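Asker: For this one, chain A is given, so just place chain B on it according to the hints.
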Amino acid sequence: MKYTFTLEYEIDSPVAIAVAVYLDAEHYVFLHKKYSDTYEVLWHDLPNRKIFIRETWSLFGFRLGQTCMTEYIPPAELLNYDIKPDPWWIPSIHHVMKTTTRLVYTEIPERNSTLSTLEMELDMPFWLYPFRRFIRKAIERLKIEKDQQDIDMIERRARLYGRENNSIYLADHQFILHKQDYLRHFGPNSKRLTPVD
Amino acid sequence: MSLSPPGPADAFYPRPIELRDLRRGTLQVRDLGEGVEVVVIHDGDKLYVIREVCPHMGGPLSQATYCRKDGTLECPWHGYVFDVATGLLKDNPNERIMAALRRPSECFAPSHAPRYALTSMTYTVVGDRAYVSRTRGRE
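One line per chain: the protein sequences are A and B, in this order.
Position 178 (the first sequence) corresponds to 178 in our numbering; numbering is contiguous.
Position 55 (the second sequence) corresponds to 55 in our numbering; numbering is contiguous.
Extracted from the complex, chain A is given alone in its bound form (with noise of 0.2 Å):
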C-alpha cells in the first residue's frame, strides 16, 4: 500500500548554496556524523549522476546501515531510492517498506531563498500501514534535524563571507559531488546564482 506525503518549507538562501551544501558531501559524516559516521560509495554512474552507496551508524553498540542509490538531476532535483538494509540481515523497516524520496529546491524570487520540498513515497504491506503517520512523523523529525545542521552551517558562512557567496564551491581544488553540473547551472560568478535553464 503506497503512502505519500510531502514536507516543505523556506530555507534562507539561495538555490544555488542550498545544492551546494547538498552536493557538498565532505561533511555528510562529519556534520551529520549523529545520523551516518560512515559513507562508501559502491558503484557509481557519473555520467547519469547515479552514485550508490553505503553508510552506517552505530546503535547501542551494534553497526547498522542501508545502501541507498543517490541521483542528481541538474539544475535542484535529488532523489534517493532502492533503500536497503546493509548488512541484509539487520533489523530494519526497508525489508518490508520500499521509500523513495524527491527533494526538490525551488527559488523564492522575492526573497532569494529556496523552497525545499521533499515528497516521499512509502510502499509499505497492509499490517504496517495504519502506522504510516507514525513513521513520517519519524522521518519528519530526522529530515528536519539535519537539514537544521545545514541551516545553521549556511547561515555562519553567511554571517563570514556572504549570503551569496559559494566560491569555495567553485574553487578548482573543492570537491563537490556532480561538480560539472553545478558549475553549468550556478556559477562561475552569478550574483544572483539562479539557475540559467
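It should be emphasised that the hints constitute simulated quantities derived from the structure, not laboratory data.
Just to be clear, a hint being listed does not mean it is correct.
The following residues of chain B were derived to be distant from chain A, with all beta-carbon distances above 12 Å [to be verified]:
1) 5
2) 26
3) 127
Quick list of the computed label-pair ranges, beta carbon to beta carbon [said to hold, decoys possible]:
4) B:14 <-> A:141: 40 to 50 Å
5) A:133 <-> B:106: 43 to 53 Å
6) A:142 <-> B:93: 19 to 29 Å
7) A:106 <-> B:93: 27 to 37 Å
8) B:100 <-> A:188: 22 to 32 Å
9) A:47 <-> B:26: 44 to 54 Å
10) B:7 <-> A:106: 54 to 64 Å
11) B:109 <-> A:159: 23 to 33 Å
Listing some non-contacts, in silico: residues in chain B with all C-beta distances to chain A over 12 Å [said to hold, decoys possible]:
12) 6
13) 8
14) 18
15) 20
16) 21
17) 33
18) 41
19) 67
20) 69
21) 102
22) 125
23) 128
It should be emphasised that the depicted structure is a prediction, and the values quoted were computed from it without experimental measurement.
For every residue, glycine included, the Cβ atom is placed at its ideal position computed from N, Cα and C.
Answerer: Structure of chain B alone, referenced to chain A:
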C-alpha cells in the same frame, strides 16, 4: 606587577584570557570582546590561541575535536585535521572517503588545494592574563 596590557591599550582585544581559569589539555573557547571568539589550548607549557574559524569553510572550531596525543584539531564540519603547533592542515579524510569520486577533471584539480592553516593569534602574558593582540600571528 601591573595587570594592564603592555603597550597601547587598543593594540589588544578588550578581554584578556585568564590563565588560571584554563583547564590544561582541553579545548576551550574565550570571548575577547567585540564579537571575537578564540579557541584556547593550554597544554604543557604551550598556550595556543587560535581564531575560532576553520580556514577551509569557516566551520566553528569551538566545536572542534582536540586530540591531545596527536596535537590536532578536527573541524566538525568537514573533518579537516590541523596540527595545532604549526597550524597546517595535516589530513583531509575525505580524500580517502570520497576516493572513488575524486577524479581530477577540468573543474576539479585537487593538486591546486591551498595550504590551509589555522590563524594563530599573538598574545602577551602579563601575570595570570594573556592579552591577545589585534595583529594576527601566523595564517
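Asker: Each hint: holds or not?
Answerer: These are the hints, each one checked on the structure:
Every CB of chain A is more than 12 Å from the CB of residue 5 of chain B (nearest about 27 Å), matching its label as outside the interface. The non-interface label for residue 26 of chain B is consistent with chain A: the shortest C-beta to C-beta separation is roughly 20 Å, beyond 12 Å. Interface exclusion of residue 127 of chain B from chain A stands, the closest Cβ pair being 34 Å apart, more than 12 Å. Between residue 14 of chain B and residue 141 of chain A the Cβ separation comes to about 42 Å, which falls inside the hinted range of 40 to 50 Å.
For the pair residue 133 of chain A and residue 106 of chain B, the beta carbons lie near 48 Å from each other, so the given range of 43 to 53 Å is met. Range check, residue 142 of chain A to residue 93 of chain B: about 24 Å between beta-carbon atoms, so the 19 to 29 Å window is met. Roughly 34 Å separates the CB atoms of residue 106 of chain A and residue 93 of chain B, a value that falls within the hinted 27 to 37 Å. Separation of residue 100 of chain B from residue 188 of chain A is about 26 Å and conforms to the stated range, judged on CB atoms against 22 to 32 Å.
Between residue 47 of chain A and residue 26 of chain B the beta carbon distance is about 49 Å. The supplied range of 44 to 54 Å therefore holds. At roughly 55 Å, the beta carbons of residue 7 of chain B and residue 106 of chain A sit within the given window of 54 to 64 Å. For residue 109 of chain B and residue 159 of chain A, the Cβ-Cβ distance of about 29 Å falls inside the hinted range of 23 to 33 Å, so the restraint holds. For residue 6 of chain B, the shortest C-beta to C-beta distance to chain A comes to about 31 Å, beyond the 12 Å cut-off, and the non-interface label holds.
Residue 8 of chain B, annotated as away from the interface, keeps every beta carbon of chain A farther than 12 Å; the closest lies near 28 Å. The Cβ of residue 18 of chain B lies farther than 12 Å from every Cβ of chain A, with a closest approach of about 27 Å, so its non-interface assignment holds. Non-interface call for residue 20 of chain B relative to chain A: holds, since the shortest CB-CB distance, roughly 31 Å, exceeds 12 Å. Its beta-carbon lying about 26 Å from the closest one in chain A, residue 21 of chain B satisfies the requirement of being farther than 12 Å from that chain.
For residue 33 of chain B, the shortest C-beta to C-beta distance to chain A comes to about 18 Å, beyond the 12 Å cut-off, and the non-interface label holds. At the 12 Å boundary, the C-beta of residue 41 of chain B stays outside the reach of chain A, the nearest C-beta of that chain being 20 Å off. Distance to chain A confirms residue 67 of chain B as a non-interface residue, since its nearest Cβ pair spans about 15 Å, more than 12 Å. The claim that residue 69 of chain B is not at the interface with chain A holds, since no C-beta of that chain comes within 12 Å of its own (minimum 20 Å).
A beta-carbon of chain A is positioned within 12 Å of the beta-carbon of residue 102 of chain B; the least distance is around 6 Å. For residue 125 of chain B, the shortest C-beta to C-beta distance to chain A comes to about 29 Å, beyond the 12 Å cut-off, and the non-interface label holds. Taking the minimum C-beta to C-beta distance to chain A, about 32 Å, the non-interface status of residue 128 of chain B holds against the 12 Å cut.
Hint 21 alone, counting from the list given before, is not met by this structure.
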